[in-house]
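Asker: Heads up, the sequence shown is in the numbering used here, so the first residue is 1 and it goes up one at a time.
FYI, nobody ran anything at the bench for these hints, they're computed from the structure.
There could be a bad hint or two in this list.
To be verified - Label pairs and their in silico Cβ distance ranges: (1) GLU160 / PHE201: 46 to 54 Å; (2) VAL155 / ASP218: 47 to 55 Å; (3) PRO152 / VAL246: 29 to 37 Å; (4) PRO192 / ARG144: 20 to 28 Å; (5) ASP216 / ARG190: 34 to 42 Å; (6) PRO152 / PRO99: 42 to 50 Å; (7) LEU171 / PRO99: 32 to 40 Å; (8) LEU139 / LYS186: 48 to 56 Å.
In this text the structure is predicted, and so the values were computed from the model without any measurement.
Glycine included, each C-beta is placed from N, C-alpha and C at the ideal position.
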Amino acid sequence: TAGKFTSAMAALRRVRGLLFSALACADALQGAGARTVRGVCVARAGAAVMSASPDGRIGGSLAVTTRRGLSLSLAAALLAPAAAWASGGATAGKFTSIPIAKRRYYGRVQEAVYEFLLLDPRSKASDDKVSDFFGENVLVRKARIKSNCIGPDSVCKSDERKTSRWDDMQLTMFLLGNAFRIDSSKSPDRIPQVQMARKFFAEVKVFKEALAKADDADAQIRFASACKLLDTYLDQVDLPPSSYEVYKTPFDIKAKKLCAGGNFCI
């Protein structure tokens, strides 16, 4: 029946969440002794299991402190209510969670903040910096010839595609903010992080218009206002404010991956 299928899928998602937690733990403790890694990861996985129970115990009697306890806890966890395992991610317990969104978008958001701060009118931002930020010069896809394709270039060749840092900033700020939703039924428009991001987008558009008009006074006011909105957003997605020294240098925009042997990466 549909109810049994839904329960089975929820159980599989819970097991997958524990697996990802164990992988993250092992990755964080890389280089430690095998016994140390096993012991700490068992404790952390046990803590994740215990979080499903109000009193920190499974069945009210067995605390998760050993491998045997963890095994029994995992068996009991499969029977726990699905509501206790909501991840808080963009799909409320499915694959796109807050940690994955952070690894995927943090670098691009921080690089965008770095480049946006270069537009400060008080520093007499050059036209090159403005065009670098708003112009389409960020490579999204390289031109290539499709393998095993027979036909003219119009069929077998995919063109190079570029976007602007500004457009990429809007996209990644929205996706990162949307990952912080705690209710899958809630519209993105009702998520505080997304709401703040859109306020920032609107202010930057006005700032861009002031730059085009060469109105330095209005541009300074709009830039300061945009920075305040940006700082509020950064705080809501667990990033430092724009005044921190970390934004003085470029960032690595590649998505961070967590891998455990072979090609198994998340």
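Asker: Determine which of the earlier numbered hints do not hold for this structure and return their numbers in increasing order.
Answerer: 1, 3, 4, 7, 8
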